[in-house]
Amino acid sequence: MPRTVAPGGYRRGVTRAARIALAVYLLAGASITLGPKPGRLFASGIRAFDGALSPQAIEALANVALFVPIGFLLCLSFPAVPRWLMWGLCVAASAAVELYQYVLPGRDATFRDLVTNGLGAALGVGLSWTLDRVLPRRS
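For what it's worth, our numbering labels the leading residue of the sequence shown as 2, then goes sequentially.
To be clear, the hints were calculated from the coordinates, so they are not data collected in a lab. Just so it is clear, CB atoms sit at the ideal spot from N, CA and C, and this is done for glycine as well. Hints may contain errors.
To be verified - So the derived label-pair ranges between C-beta atoms look like this:
1. Gly-36 - Leu-124: 33 to 43 Å
2. Arg-113 - Ala-18: 17 to 27 Å
3. Leu-62 - Gly-36: 14 to 24 Å
4. Leu-35 - Val-82: 39 to 49 Å
5. Gly-107 - Arg-13: 40 to 50 Å
6. Pro-106 - Ala-81: 37 to 47 Å
7. Gly-14 - Ser-55: 20 to 30 Å
8. Leu-90 - Phe-112: 34 to 44 Å
9. Pro-83 - Arg-13: 34 to 44 Å
10. Ser-55 - Leu-136: 13 to 23 Å
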């Protein structure tokens, strides 16, 4: 029996696996971003780079790193949806998180976070585009 290919050239198994990974990653990301404090993970990251980078630089890099997988996995999960729309969805989700953090005690909402999250999402979307160009399509 021939393998079914989803729009965008991915096999359905890849799309299904990406959706599962996205759901797990979003749950983990929600626990980091929607809680009252960034948590031990961020604190350990600051200690690991103590002296080499400022806390602001570490936070910016963490925001970029947080959204790279989201942009990437969204594009793999829904290959028929235009990538620019997936990036816009990531930016809108980031804006919603920042608005929530604005009213959450102990958290700070900044425009810089929105920009770095958007950059991370753009890198993830770009990675999916690159993957789509590099890997041969199956039919």
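To see whether the hints hold, each was checked on the structure:
| no. | hint | result |
| --- | --- | --- |
| 1 | Gly-36 - Leu-124: 33 to 43 Å | violated (25 Å) |
| 2 | Arg-113 - Ala-18: 17 to 27 Å | violated (33 Å) |
| 3 | Leu-62 - Gly-36: 14 to 24 Å | holds (20 Å) |
| 4 | Leu-35 - Val-82: 39 to 49 Å | violated (25 Å) |
| 5 | Gly-107 - Arg-13: 40 to 50 Å | holds (43 Å) |
| 6 | Pro-106 - Ala-81: 37 to 47 Å | holds (41 Å) |
| 7 | Gly-14 - Ser-55: 20 to 30 Å | violated (43 Å) |
| 8 | Leu-90 - Phe-112: 34 to 44 Å | violated (19 Å) |
| 9 | Pro-83 - Arg-13: 34 to 44 Å | violated (20 Å) |
| 10 | Ser-55 - Leu-136: 13 to 23 Å | violated (38 Å) |
Consistency note: the structure conflicts with the earlier hints numbered 1, 2, 4, 7, 8, 9, 10.
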